[in-house]
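Undergrad: Spelled out from the first residue to the last, the chains are:
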Amino acid sequence: MAEKDYIQGATGAWEIVIGMEVHAQVSSKSKLFSGADTTFGAEPNHQVSLVDAAMPGMLPVINAYCVEQAVRTGLGLKAQINLHSVFDRKNYFYADLPQGYQISQYLQPIVGKGVLLLDMPDGSTREIGITRLHLEQDAGKSLHDQSPRESFIDLNRSGVALMEIVSEPDMRNSEEAGLYLKKLRTIVRYLGTCDGNMDEGSMRADVNVSVRKPGGPLGTRCEIKNVNSVRFVQQAIEYEARRQIEVLEDGGKIDQETRLFDTGKGVTRSMRSKEEAHDYRYFPDPDLMPLEFEQSWVDGIKATLPELPDEKKARFIEKLGLSPYDASVLVAEKESADFYEKVAKGRDGKLAANWVIGDYFGLLNKSGQSMEDFVITAEKLGGLIDLIADNTISTRLAKDVFALMVETGKDAATIVEEKGMRQVTDTGAIEKVIDEVMAANPDKVAEYRSGKDKLFGFFVGQTMKASGGKANPNAVNELLKKKLAG
Amino acid sequence: MSLDRAAVAKIAKLARLKTDPDRLEAMASELNRILSFVEELQAVNTDNVAPMTSVQPMKLRQREDVVTDGGNPEAVLKNAPQRQGDFYTVPKVVE
Amino acid sequence: MTVNPDSLTIASALDGLAKKDFTAVELTEACIKAMQAARPLNAVITETPDKALEMAKAADARRSKGEAGLLDGIPLAIKDLFATEGVLTTAASHILDGFKPAYESTATANLWKAGAVMLGKLNLDEFAMGSSNETSYYGPVVNPWRAKDGTKLVPGGSSGGSAAAVSAGFALGATGTDTGGSIRQPASLCGITGIKPTYGRVSRWGIVAFASSLDQAGPMTRTVRDSALMLQAMAGFDPKDSTSVDRPVPDYVANLEGGVKGMRIGIPREYRMDGMDAEITTLWEQGKQWLKEAGAEIVDINLPHTHYALATYYIVAPAEASSNLARYDGVRFGLRVPGKDLTEMYENTRGEGFGREVQRRIMIGTYVLSAGYYDAYYTKAQKVRTLIRKDFEQAFQRVDAILTPTAPNAAFPIGMKNDDPVTMYLNDVFTVPTSLAGLPGMSVPAGLNSEGLPLGLQLIGKPFEEAQLLRLGRSLEKVANYTAKPFHWWES
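Sequence order for the protein chains is A, B and C. For the first sequence, counting from 1, position 167 maps to 167 in our numbering; every step adds exactly one. For the second sequence, counting from 1, position 31 maps to 31 in our numbering; every step adds exactly one. For the third sequence, counting from 1, position 482 maps to 482 in our numbering; every step adds exactly one.
Among the clues, some could well be false.
[As the list claims (entries may be wrong)] Covered stretches of chain B, going by a simulated chain C footprint (3 or more residues, C-beta under 8 Å):
#, segment
1, 5-12
2, 15-26
3, 30-39
4, 49-61
5, 78-90
Note that these hints are calculated values from the structure, not bench results. Model, not experiment: these values are computed from the prediction. Glycine included, each C-beta is placed from N, C-alpha and C at the ideal position.
Turn these sequences into a full structure, and let the hints steer you where they fit.
TA: Structure representation (structure tokens):
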């Protein structure tokens, strides 16, 4: 563990220990145990079956698609797939838990140990252990701000399928926690098992935070519930670690408790409704048999897995010559990686990566549009890169062309043609411009010749300006050097 | 294992049952009577015996992922003791 | 023509309807009248005469078009544990006050599909928890059979209302549910026939759950043939119930008269219990003789873990119940008793909504599942349950069916066994092992005791061998020649 990860307190350095439980909503049309719709944003209680409302005598029947997605996700996390797993009831009372229990998996989850690689900014990777993945029902939603004396209950989410993905306490700072969440999101989106839409609650994290003296025994942890963005996860950890250190350094002790992150104030606070000690009384759900399937079925799913981000990244580095950092930026979204591959096809991989990561992403973000809607297609960007590669335009000029492409929607070749932006490589023409520049600045020429080398840049600038930016920069450099040397 | 008043009160709390403090003693004795009756199971040798998970030997049947239900808020709301529009309501919860 | 429903069976009524001796409306009117006359028995929670007549009219219309179903025009009554669309469904609990489901249980829907007519919803032990029908929020059901001195007796439970309705003669059949004996024991105490099918044979969808791994619905009727007819309609695969078994329903009626020649009947030694009522032992002995005379071979068998069945049951059933009954929280249906906050509202609602026996079982179930006790109680019980099932599996390698008494005693006075819950639980000692093993079991009335009260014998079959079990039951019924009926004291 690097020293840089330690937090300095009044009594010395502290180490943060972080584990996460991420709830990822399965991208199913209907719920885990009922046929009700899962589409986001419906009117309250309009997507609720009698099963979801726990009417007397209602029974669960499992959704095959959800089982398959859990297995797919498990395979994507290089995890153990359990051919025999059991659904348990987790018993507790809450207003938005109609059954009075949540159907979940406790001792025998569908997916066991796996691993996830963090892509660190320096290009290295770091391994985070996955403890398990299990399927469970989501609860409904309580709205506390609609009325002064009542909470309103909407069961549309009740029974929606979640994959709870539990990590080992392997993370040591908020940055790693953020990277973990991002990477997990990338993986489930590649697999198509969860849409990863954190705004709509498709992915939420429960973050377990504790602090300890470096190398010392693990401290008591607090669980911060239901954090729904990477930024909030990081803020919550920063705050919570500081809070725990302060408590400990003041001679206090940490209570194992559930806390809530107040996004407005940027603080965590104890959850009143969870104060009471829980005894969930897990037991196998007698309405459901054990879940069993064959290894051959798992193998069949495995054969259909797409290339996953880690593999894609390795290929980009190896086959296309990208830096680990550029490769990890490109594979973070499958869409970006696919776009990049289209652009890079038959072209210089490195040059294509620079353009996609730099100018393309920059203007895309500025436009606020999706890749799909954005005016620059992979073909168009490729066309621009081709003009750079065959020296039709300079890299510098290409940036102007690119801006015009965004503005007009025309392709690069048309713009270059229309605007006469073709690069001037004719040495005679360039020499003529240089002569004019030197003639206009005899004093500067004298100064240069008497040793003021720095003025070289001035001459390059003047020459480029006079050529309307079209002069080939390499040719300008070479010719200037010759001419100025006299 | 014998339950006292406090244990009974704790179980009642867990089960969300309001209990009359005057009844705790009687409840403890009833529950202890039942518990001592079931205690005889401890005499059975269950080494290497798997707990029963399903009484019929069958696999969990799975259904297709198709929307077949919901879309009828009245069916789930009409029996509600209290509601506001299409919401159920409960005494205010402070999180 | 005036119809006397008490003199009919489902089979004979179907005959009468087919021969146009009477119409379904006439039959239903007679049943409604008899039901109203039998109010002193408190067997019915909700009478549905209008619905019954409407259904009867439709039945007559179908019959006149030649489209009559298996049970077309037959008035039945429904244990109030089955959800019936738009009709108050209470589970005999205060906590389901005013609950009118927007759905119909699969089992009852199947009966209506076969053309049956609903007379009303029958009283039961609250949430089917009891063996005497005394735990009902709607008061105890009175057994149509009285003691010689006129003392009012319990009908057994939990399907006490069902047994009383059939025994009193106002319903030609009734649905029951059986978790540890709730069809068989009241059938025995009221002198009628009842069968608990194999677990998974009848859908549990829409039946208020007590203990999910044990609950199974079945018919309660006056004859074995009637049980076969009703079960024919009720049984079947239901994709809405994950524990429903996907296998065809055989014809239960076709081979009913096939006899028992060559069948091997097991007599489990362990069912001879210390201090057992001598009259029960005698009847059991008699049953053996009857079946032998009818051509069956009697074989002594062992079911070594029988003694532990009741204790196993009183861990597993309350554990499941404690969780199944968590949904009664005053939020979406039924009773709500206000409180200053959510938790207090829950506690008030559940504290007032559930009766004592139900609360007792919720408490036991909560305790045996709680941290630190789960393995000692729940896991242990499920292991013993495995052993109990193995006992039966081994026995069934040697025999086709098993004969035992249904209950350790005849009907007893109301209030007699209420002081000690365990004394009450002992009523189910012969029926619980079958439930734990998921096997089909039926009670057939076989005789009267010295008090003139009916006693039943239990037949236990192999999984999904209901057809064989019914055939065996029919043989026993024939040789026992049980014809006794209670005096209709409530009508005078």
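Undergrad: Work down the list of hints and note, for each, if the structure agrees.
TA: The hints, checked one at a time:
Residue count for the segment 5-12 of chain B with a Cβ under 8 Å from a Cβ of chain C: 3. That meets the three needed, and the coverage hint holds. Coverage of the segment 15-26 of chain B by chain C holds. Counting CB-CB distances below 8 Å, 5 residues qualify, and the rule asks for three or more. Counting residues of the segment 30-39 of chain B whose beta carbon lies closer than 8 Å to any beta carbon of chain C gives 8, which reaches the threshold of three, so the coverage claim holds. A stretch counts as covered by a chain when three or more of its residues have a beta carbon under 8 Å from one of that chain; for the segment 49-61 of chain B and chain C the count is 11, and the coverage holds.
Under a criterion of three residues with beta carbons nearer than 8 Å to beta carbons of chain C, the stated coverage of the segment 78-90 of chain B is upheld, 7 such residues being counted.
Hint compliance for this structure: every hint is met.
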